[in-house]
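Asker: Listed below are the residues making up each chain.
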Amino acid sequence: MPKLLEVSKLCASYGATQVLYDVDFSLEAGHITAILGANGAGKTTTLRALCQTVRTSGSIQFEGQQLVGKATESVVRLGVAHVPDGRGTFTALSVEENLRLGAYARKDRAGVAADLEKMYQRFPRLKERRHQQAGTLSGGEQQMLAISRALMLSPRLLLLDEPSFGLAPLIVAEIFRIMRTINQEDKVSMLLVEQNASLALDLADHAYLLETGRVALSGPSAKIKSDESVRRAYLGY
Amino acid sequence: MEAFLQQIFSGLANGGIYASVALALVMIYQSTHHINFAQGEMATFSTFIAWALMQAGWPYWAAFFVTIAISFAGGLLIQRIILKPVEKAPVLTNVIVFIGLLVIFNALAGWIFEHTIKAFPSPFPKDTILQTRYFNAHDFGSIGVMLCVLMALYAFLRFTPVGLAMRAAAQNPDSARLVGIRVSWMLAMGWGLAAAIGAVAGMMIAPVVYLDPNMMSGILLYGFAAALLGGIDNPWGAVIGGFIVGVLENLLGAYVIGTELKLTVALVLIVGTLTLKPNGLFGKVVVTRV
Chain A
1 MPKLLEVSKL
11 CASYGATQVL
21 YDVDFSLEAG
31 HITAILGANG
41 AGKTTTLRAL
51 CQTVRTSGSI
61 QFEGQQLVGK
71 ATESVVRLGV
81 AHVPDGRGTF
91 TALSVEENLR
101 LGAYARKDRA
111 GVAADLEKMY
121 QRFPRLKERR
131 HQQAGTLSGG
141 EQQMLAISRA
151 LMLSPRLLLL
161 DEPSFGLAPL
171 IVAEIFRIMR
181 TINQEDKVSM
191 LLVEQNASLA
201 LDLADHAYLL
211 ETGRVALSGP
221 SAKIKSDESV
231 RRAYLGY
Chain B
1 MEAFLQQIFS
11 GLANGGIYAS
21 VALALVMIYQ
31 STHHINFAQG
41 EMATFSTFIA
51 WALMQAGWPY
61 WAAFFVTIAI
71 SFAGGLLIQR
81 IILKPVEKAP
91 VLTNVIVFIG
101 LLVIFNALAG
111 WIFEHTIKAF
121 PSPFPKDTIL
131 QTRYFNAHDF
141 GSIGVMLCVL
151 MALYAFLRFT
161 PVGLAMRAAA
171 QNPDSARLVG
181 IRVSWMLAMG
191 WGLAAAIGAV
201 AGMMIAPVVY
211 LDPNMMSGIL
221 LYGFAAALLG
231 GIDNPWGAVI
241 GGFIVGVLEN
251 LLGAYVIGTE
261 LKLTVALVLI
271 VGTLTLKPNG
281 LFGKVVVTRV
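Respectively, the protein sequence lines represent chains A and B.
Heads up, the first sequence is in the numbering used here, so the first residue is 1 and it goes up one at a time.
Heads up, the second sequence is in the numbering used here, so the first residue is 1 and it goes up one at a time.
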């Protein structure tokens, strides 16, 4: 079975500072994959490299298309949705406007309207607040909005940057539960970056471990989770 | 008393013009955080295009709308060709480019259409009910046109997908790219709209001040004062600011400082706003959670 995403020799840098060194990894269609690692390991940069918001070299094959060298807008239009760190909410716009923007690259109006309804069903809180300025939502609601906005693209691949960041454990559990549903029902493949390793490994099928910009380890999540030495050395729990 | 009312009403009419110039400035400021110093000269050039079309025998409203379309396309092209290369450059680079554009358009207008002062027709005939005691027909008409422009702009930004995308791109360009919006084209759209609004302002003021290549230089200053007073990031503020500046300018000119010093009103307002209330009267406060 062909891979959804095939990354090889990926390097990324901010100005003179190189962050990723020859990173190789691949994603299976329909799976959830996690990227783990300490602060500064290059997790967020990996997602940014996939969206081409940082200078990159190497190869990123997404469904037969080379992403390196493409404009961010063009990558998105291929069906790669990104929930960036800090959520990237349009704070001065309303909740509904944020969701509509998520579908900006789509042309099928009926599909967009149906998906909007679906998001409201999935996140009733967003429906209650549809006309409210997005900046006034709570942290958890904003994260739900960010995920829904990304889903409005009807993406083939969803990139999630620390969806648990700064949220109460109960909210985190709810968001992760919904992410699993989305993966199973809508068949959206996901690449998840997380600090909270145990949470991510519970959700993901497969995981990669980054260490100072290089892949240190990879394997099925169950295996990584059960490996005592790996857990101590890299995951710190 | 009658003279006083007349001063207020003609101030409102001028205010409409300042408001549209301010609106054009705000359109570009919102998305780039730059003040386009060439806005006035671009508007003058557009007005010359309308004048040339009418000289060639076109009826007023045909020339009016075609000029708006040409100006929109022109603004779009200027952004694409001249400003795109300096999109990420420091502010000063952009300022120099704006001043360059100002000189170029001023010189081009003089070169092509000559420096002699020309009469520009008003589309609002004097002998209608628009002509009242306090208001002459053109004042009334230009306020109407100005309000139409404002409403059309509001509807465009509020109710169309492209308008929404423009607002998103202005507010958070990085996130806008992540939902597939071509941000750089949205800036170009902003320039196109600003040029079109400027063209309307030019065509509305030309019958009052007569058409020559330097027609807008003073008006841009009033427009700038209006935009700052109203809050440079707020289109509604810019419009209200325009009317306030128009009325103040007229009243102070007539009763306090005399017409020779009218332009000083604009300068005092600019300096005053920046020192006392930098965000302007209606500058937006965005609510965000940390």
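The set of hints was computed from the structure by calculation and includes no laboratory data.
Be a bit skeptical, because a hint or two may be false.
[Unchecked claim] In silico lysine to aspartate or glutamate, EDC-like type, Cα no more than 20 Å apart, as pairs:
1. K3(A) x D186(A)
2. K70(A) x E114(B)
3. K70(A) x E260(B)
[What the hints assert, rightly or not] Okay, the calculated beta carbon distance ranges per label pair:
4. I99(B) x D85(A): 33 to 43 Å
5. R158(B) x S226(A): 48 to 58 Å
6. D85(A) x A107(B): 47 to 57 Å
7. E6(A) x M151(B): 21 to 31 Å
Each residue gets a CB set at the ideal place from its N, CA and C atoms; glycine is no exception.
Asker: So the hint says 47 to 57 Å: do the beta-carbon atoms of D85(A) and A107(B) match that?
Answerer: 49 Å, holds
Asker: Holds or violated: K70(A) and E260(B), Cα atoms, limit 20 Å.
Answerer: Since the Cα atoms of K70(A) and E260(B) sit roughly 58 Å apart, the hinted pair is violated (cutoff 20 Å).
Asker: CB of E6(A) to CB of M151(B), is that within 21 to 31 Å?
Answerer: Between E6(A) and M151(B), where Cβ atoms are some 52 Å apart, the hint is violated.
Asker: Are K3(A) and D186(A) close enough, with their CA atoms no more than 20 Å apart?
Answerer: With a Cα-Cα distance of about 18 Å, the restraint between K3(A) and D186(A) holds, given a limit of 20 Å.
Asker: Is K70(A) within 20 Å of E114(B), Cα to Cα?
Answerer: Since the Cα atoms of K70(A) and E114(B) sit roughly 48 Å apart, the hinted pair is violated (cutoff 20 Å).
Asker: Taking 33 to 43 Å as the stated bounds, is the beta-carbon spacing between I99(B) and D85(A) within them?
Answerer: 39 Å, holds
Asker: Just tell me: holds or violated, for the beta carbon distance of R158(B) and S226(A) against 48 to 58 Å?
Answerer: 55 Å, holds
Hint violations for this structure: numbers 2, 3, 7, all remaining hints satisfied.
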